[in-house]
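Q: Okay, here's what each chain looks like letter by letter:
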Amino acid sequence: MPETDRRPATNLPPLSLHIPEPRYRPGDTPDFGDIVVPAVDATPRPSEATKPDAMRDLCYGLVRVLDFDGQAKGHWDPKLSPERLRTMLRYMMLVRAFDDRMFRAQRQGKTSFYMKCTGEEATSVASTMALDRGDMCFPSYRQQGILIARDYPLIQMMNQIYSNRGDHLLGRQLPIMYSAPEQGFFSVSGNLATQYPQAVGWAMASASKGDSRIATVWCGEGSSAEGDFHSALTFATVYNAPVIFNVVNNQWAISSFSGFAGGERTTFAARAVGYGIAGLRIDGNDPLAVYAATQWAADRARTNNGPTLIEHFTYRSEGHSTSDDPSAYRPADEASAWPFGDPIARLREHLETLGEWDADRHEAQRTELEELVKTTQKQSEKLGILGHGMHQPFETMFQDVFEDMPWHLQEQCTQMLAEQEAKFGPDWKPE
Amino acid sequence: MMSADTQTATKTMNMIEAINSAMDVMLERDSNVVVMGEDVGFFGGVFRATAGLQKKHGKTRVFDTPINECGIIGVAVGMGAYGLRPVPEIQFADYIYPGLDQLVSEAARLRYRSAADFICPMTVRTPFGGGIFGGQTHSQSPESIMTHICGVKTVIPSNPYDAKGLLIASIEDNDPVVFLEPKRIYNGPFSGYYDRPVEPWSKHAASAVPEGHYRIELGKAATVREGEALTVLAYGTMVHVVKTIVEELKVDAEIIDLRTLLPLDIDAIEASVKKTGRCLVVHEATRTSGFGAELAALVQERCFYHLEAPVERVTGFDTPYPHSLEWAYFPGPVRIATALTKILKD
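In order, the protein sequences belong to chains A and B. Last residue of the first sequence: 431 in the working numbering, with the numbers rising by one and none dropped. Last residue of the second sequence: 1346 in the working numbering, with the numbers rising by one and none dropped.
Hint data in this document are derived by calculation from the structure and do not stem from the laboratory. There is no bait here: all hints are sound.
Derived pair list, reagent style DSSO-like, types lysine-lysine, alpha-carbon separation capped at 30 Å:
1) A:Lys-423 / B:Lys-1203
2) A:Lys-429 / B:Lys-1342
3) B:Lys-1250 / A:Lys-423
4) B:Lys-1059 / B:Lys-1011
5) A:Lys-423 / B:Lys-1342
6) A:Lys-423 / B:Lys-1345
So that you can see chain A by itself, here it is in the shape it has in the complex (with noise of 0.2 Å):
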């Protein structure tokens, strides 16, 4: 219908729809200079058990640790010793150099799909390291950094990449969608946000129990658009619930920058003050500030003062997968512009600086991880690689629908092995 025929007969000007743009596309020069960058002493680390409504200006703040010529100051500093940092780094190099790898093995078609997290390595590993081993992990789809901050073993890792019979998911699962109770990490599922409110529930049993271990939860900005995350904070904020809700904000969604989840209003930290709960906003490139903030909430949900959201501002410095073309959206350079450096790089720094670490030892210790993640996917690569024989027996299939098979499945797996000797002969055996 026009418009111009139910518009009242007013001074007002006609409405317009606001369809948010990012700054910079394809083709442009990207300049971040105008981002507050807070000095790194400047924010005030309440008690751990301050009331969310008297510390809601670290919703609209910036939690840090490192300054960007290497110095750890300010009352956030979690003055880890050397030793811890350089697990830190050791962590967050092995993590890069992982994700460089399994890049490349999606590339060379030896798996269908995968995932970096490059430039984010300090929101999985230094959060990690902050939490008690028990605690659990309910992760997205970009935290491999928590798996290898809890030793899991790499070559699981791969194996579930590669969906090759070394893979305890049966190669049932998308590669990257792994599964680790025994490090405290959750199933990844596909679907976004999901895990928001399965982390508080996981959070309210272990309240209910009278446990010590608590919760935490990963989502990028863009998911957290989803109905689940507000579903959880819902739950989180009435059952006072021991969780920790991180948010990665690393800006891009696939195409779609963080202002079409609401960033272009307020911060994502933000969404914990209108639900009641501790908000923190911190630099997400920063380790020493995710641990700190981390170690904070732990602490705040172990005493039973509640959830805590925290927004880790980062930046996706590659695709949001194998299967994404960012170049298309962004500029190219966009990633050597955010204004926060690289995790690894700062830290490392921080090391040099404080003469606990050297270019040699960074080196060795790149060629070292390099080569511990080549020869492990050999081996990986000796189990099978998707798309190259069959590398799980055909009726795993029909396992674990249920705990006992129902006849109308057992009927079904009859039928699809049959079509598998019709197929292959009777001889014929998965690799």
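Please arrange chain B on chain A, whose structure you already have, making use of the hints.
A: Relative to the frame of chain A, chain B by itself:
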């Protein structure tokens, strides 16, 4: 099949291009049409279905949305209440579930509960089906969930020509339509043999697509192949798989491409089954409570005394869609051939 005002030049299109063209035509013709969804704006959609549309029609006609399927469908209901004709995209059919309340309880019932005070002229486009190693969250076929809702039309094209004509008819329809796009055949028909090269649409007659406006009426099936030995009911990707196997086995099957699952072209089904006396239903979706069950029931209710064999179903198995065993799951050549042999033997 084509309405009279549509005599325009044709162009070779694959399914994505045909779907894009349908939206392009409708955005041009009707200022109330809006296209929205995750990544559909500047980027043009993860499958490129909306490529170029934002640039051509503007940001308030073609735009990105938050990642919130409940919101996407819910705001489309509200836009429809205003008088717009929204065409939301759900990036994968597997992601439609968070939007189901808005679809089932709201969009589908708005006309009924308001005695047509309010209507919902919305077309939800969404890619579905497997065969792309998408695992359980990028491969599902939820069509029978849609047909089980009272008040949503369900459309599934199987080629570029139909995709465009059906999508235009869906957008012009005054009721909510779920338009399920078989993503495996976006770029070319699929024979069912995953280890053979994909044939591009350009080698297929249905890739000749008029550039302008034309409609394929909802609720009309197409006879893809005439035959006497049995009737095969299929839609989407499976139309092509069935055709390959039927030709391979030299079975004189009549293949009916349903095109619209709801409302269903019952006349076409009834006429064919009464002629052939045998009926095979093929779909990729899980078997139990699948659309095949509805088809089998309808056929036996209406054609029982003409049937010479029980109605057979070839379907996906009742498991989540597996990643690595995708081709053991998919209702491919062996499963179809086995069913054909069985139904013709009885």
